[in-house]
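Use the sequences and the hints to build the structure in full.
Taken in order, these protein sequences are the chains called S and B.
If you're matching positions, the first sequence starts at 1 in full-length UniProt numbering and goes up one per residue.
If you're matching positions, the second sequence starts at 1 in full-length UniProt numbering and goes up one per residue.
Hints are computed from structural coordinates only; laboratory data are not their basis.
Small disclaimer: the values here were computed from a predicted structure and weren't measured.
From the three backbone atoms N, C-alpha and C, an ideal C-beta is built for every residue, glycine too.
What you were told as hints is all true, and nothing was included just to trick you.
With the C-beta cut set under 10 Å, the calculated list includes, among others, these residues of chain B facing chain S:
id, residue
1, V166
2, A201
3, I260
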Amino acid sequence: MSTTTLTETRGAGQSGDKIFSGATLAAGCLILAVLFSVAVFLLVQALPVAGADPAEITGGEGFSTYIFPIVIGTVVAAAIALLIATPLGIGVALFISHYAPRRLAQGFGYVIDLLAAIPSVVYGAWGYAVLAPELAKGYAWLAENLGWLPIFEGPASQTGRTMLTAGIVLAVMVLPIITSLSREIFLQTPNLHEEAALAMGATRWEMIRMAVLPFARPGIISAAMLGLGRALGETMAVALVLSGGALTASLIASGNQTIAAEIALNFPEAFGLRLSELIAAGLVLFVITLAVNMVARWIITRHKEFSGAN
Amino acid sequence: MTSATLVRRQSHLTKGKLPSYAVWLVLGAALVFGAAAASLVGFGAVSWGLFSALFFLLGATAVTAVVEGGRKATDSLATYLVYGAFLVALLPLLSVLWTVLERGLPGISYDFLFTSLNGVTGAVDNASVANGTPVLGGAYHAVVGTLQITLWATAISVPIGLLAAVYLVEYGTGGPLTRAITFFVDVMTGIPSIVAGLFAAALFGLLFGPGTRTGFVAAVALSVLMIPVVVRSTEEMLKIVPNELREAAYALGVRKWRTITKVVIPTAISGIASGVTLAIARVIGETAPILVTAGFASAINWNVFSGWMSTLPTLIYYQILTPTSPTNTDPSTQRAWAAALLLILMVMLLNLVARVIARMFAPKTSR
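Here you go:
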């Protein structure tokens, strides 16, 4: 009698175990499936572009001619953002990890993290309404005095809504990513290395250059690459700030466009082939950011293995 | 006589060092010279700040180099640059917060919070500018849309994210599947938000015909962005649950799934809850995916499964880019900044709630 009840409860418990572990496994696989289907659905919806007559594509000269300028625009905007944000982010991270008074350091960290809490559309609105008019004055000066450089060629935009402004706004947005990741790495520098350097009579900067930065190099590289991934895919800031147009070398004249902004600006009114075109552009962006992120994650994992960090 | 014994001799250890007030002297001089140089090119706060910073860096480094030597000069230059980097990073933060407060506060009113933009046309805006009456129309429909879409996104991503994290920590054996999930979750955190939106649009376009745009499609797009965040934070929290708790439960004959649901998850619930709150804070401000999946509406729509929907971010975007009245843009700009203030308040509140949850319900470790 009692044995039957025992086997019954065991049966019930076992199925509970099976159902639960099955559910967790299913959830894990679903995530892989979602990432896979993102690529598949984009590919399916983008297919009409491949068979289309080149004359029907926007610009009239085929998809590659259409996509090339906006890929360049995307890369240029992200590159400007990284050029500004990487040194600044390293500086801020060093300030929080090695320079700020111990007691205030965590609070300063929160403050910088607040930058990440501001929605991208608000950055866009700020860049459009505050930063661009401020920078327009500087652009006029640049065009006048450094106009012989192709990147500062005039006429400078009157509104300031240019590639350089978009890059600066993007730099502000990726700054918290680069800062928080490099801060983590800086804090993991073995204390003994730092103390050894200081005991040898190194100044604080020499200690950082000899002990902290070499240790953190892979971390900084991957932080910059994750920032790059974010900057490449950022939409709203560019869509609001940049007054887009054809590809130009000048960073202070209006013109250029990025993939994400091109999609956001045109998708709401798009249908038919135009829709497929934009989805194909999205696929290109997806592949670029995926590659960048995978390389960054690969560097982090490799670093993790031999440093024992995290 | 007595005063002679009180004279402080400089120790040879501190000889050749700058007194601590030297930095402030240099800073003062730099500000003065900066003002002079700035007035040459047209005085302004920006040019004054730039010139002063430049003069300070040059001056302080030069003084240190002369008195303390080259290595100390490099060190102090690095110190000033690092402090400067932090100050420069604060500028955009302060500027954004100030702008949103200054321009958004006048627009916050009862009307703004509890009416929609339904029926507010360019003529209405022109009239309110011409007569000087308060701006009509508000963000109620957008607040409703934001809350609905975010709620559905949370309802989709929390169970999936939670279960996947449980799989990774409790069931995963470190095999290829576990490593693949961990790696691709990390990669997924970097998906551009617009691509997530395109995915949801393409998925529902295939299933229900092209151009299907509802709040639910947007919720699916947001959950693509939210799931990896939930998985990552939950995973971290489950990992720090002490193994002794699990072993104690097993020793009492408790099944694994009962151990997880009754012991492991309750122990980690505060961290999980704050992680979920942070994930919500991350997606609530997303604009691009909403733009391509939920369309734009000016009326209140409570149904996520049919009809276009508006959210606060898309409201901000459209009010700035396509003002309701092209000739009088001020009412639209005011609504946009008020909506931005509302959105930032929501995000900051969520961040605060996350910290409070993490602190208040943290498991009591008695040691």
